[in-house]
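These are the residues of each chain, in order.
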Amino acid sequence: AQSVTQLDSQVPVFEEAPVELRCNYSSSVSVYLFWYVQYPNQGLQLLLKYLSGSTLVESINGFEAEFNKSQTSFHLRKPSVHISDTAEYFCAVSPAGGGFQKLVFGTGTRLLVSP
Amino acid sequence: DGGITQSPKYLFRKEGQNVTLSCEQNLNHDAMYWYRQDPGQGLRLIYYSQIVNDFQKGDIAEGYSVSREKKESFPLTVTSAQKNPTAFYLCASSYTGEGLVSQYFGPGTRLTVL
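Protein chains in written order, with the numbering used here: chain Y, 5 to 119; chain H, 464 to 577.
It should be emphasised that the hints constitute simulated quantities derived from the structure, not laboratory data. Just so you know, these numbers come straight off a predicted model, no measurement behind them. There's no promise every hint is true.
[As the list claims (entries may be wrong)] For lysine-lysine, the following PhoX-like pairs were computed, each having C-alpha atoms within a straight-line distance of at most 20 Å: (1) 520/H - 534/H; (2) 106/Y - 53/Y; (3) 53/Y - 73/Y; (4) 477/H - 546/H; (5) 477/H - 106/Y; (6) 106/Y - 520/H.
[Claimed, not checked] If you want a taste of the chain Y side facing chain H, the calculated C-beta under 7 Å gives, among others: (7) 46; (8) 48; (9) 50; (10) 107; (11) 109; (12) 111; (13) 112.
Heads up, the beta-carbon is just placed ideally off N, CA and C, and yes, glycines get one too.
Construct the complete structure from the given sequences, taking the supplied hints into account.
Here you go:
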């Protein structure tokens, strides 16, 4: 079975400052890793994912995450945040491989960007 | 445009009543899922379906039921047996092929029991 720990329930940051949202996972098998973003009263949107290959993955809006197998982490970073990045961010894990997989989500980190 | 629709957006129910939440997708995805979201608890899986006419219980299936008669549709019924049904409910869908495991989410239904 897999589990995900998001260490921070809330991260306040000023606009244009860098941010890191932490995610650690536990699994006895190889995994796929995901970050989703949720704006208030909306569904989740896929931000980025790691399936294989390069351990550094990037999104189109400036976020990046690095898969670190030895530390079982998949932290999300952005060098300069905007007010519009205010949202809740969820890390998720599933077993790697083909066929149907179930996602296991962390409890979420609320990113609060202020001017 | 392809996507997932959920209706209604807000739903109010009296205690003791069953209520059905709609989820439709036109992405041609094989798998569909229902999640419940409560503040500070992330998303918890209620039911999922890999194929038409087949579905499995997730982690918190008690008090819920589903059907999958069509590939595009996966309605969720919240029954009177669900002790604490007030929550935000999210439907998702995905392909099931290798490397195609990203789930796509609908906008959600907020259920409030009065």
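To see whether the hints hold, each was checked on the structure:
1. For the suggested pair residue 520/H and residue 534/H, the alpha carbons sit about 18 Å apart, so the restraint of at most 20 Å is met.
2. With a CA separation close to 15 Å, the supplied pair residue 106/Y and residue 53/Y stays within the 20 Å bound.
3. Under the criterion of a C-alpha separation no larger than 20 Å, the hint pairing residue 53/Y with residue 73/Y is consistent with the structure, at around 15 Å.
4. Between residue 477/H and residue 546/H the CA atoms are separated by roughly 12 Å; this keeps the pair inside 20 Å, and the hint holds.
5. Using a Cα cut-off of 20 Å, the hinted pair residue 477/H and residue 106/Y is violated, with the two alpha carbons roughly 32 Å apart.
6. With a C-alpha separation of about 12 Å, the suggested pair residue 106/Y and residue 520/H falls inside the 20 Å cut-off, and the hint holds.
7. Interface restraint check: residue 46/Y against chain H, minimum CB-CB distance 6 Å, threshold 7 Å, status holds.
8. Below 7 Å, beta-carbon pairs count as interface contacts, and residue 48/Y has one with chain H at about 4 Å; its hint therefore holds.
9. The interface hint given for residue 50/Y holds, since its Cβ lies 5 Å from the closest Cβ of chain H, which is under the 7 Å cut-off.
10. Taking 7 Å as the C-beta contact cut-off toward chain H, the hint placing residue 107/Y at the interface holds, the least distance being around 6 Å.
11. Interface hint at residue 109/Y: satisfied, since its Cβ lies 4 Å from the closest Cβ of chain H, which is below the 7 Å cut-off.
12. For residue 111/Y, the suggested interface contact is upheld, since its CB lies about 4 Å from the closest CB of chain H, less than 7 Å.
13. Proximity of residue 112/Y to chain H holds as hinted, the smallest CB-CB distance being about 5 Å (cut-off 7 Å).
The structure is inconsistent with hint 5 alone, although it conforms to all the rest.
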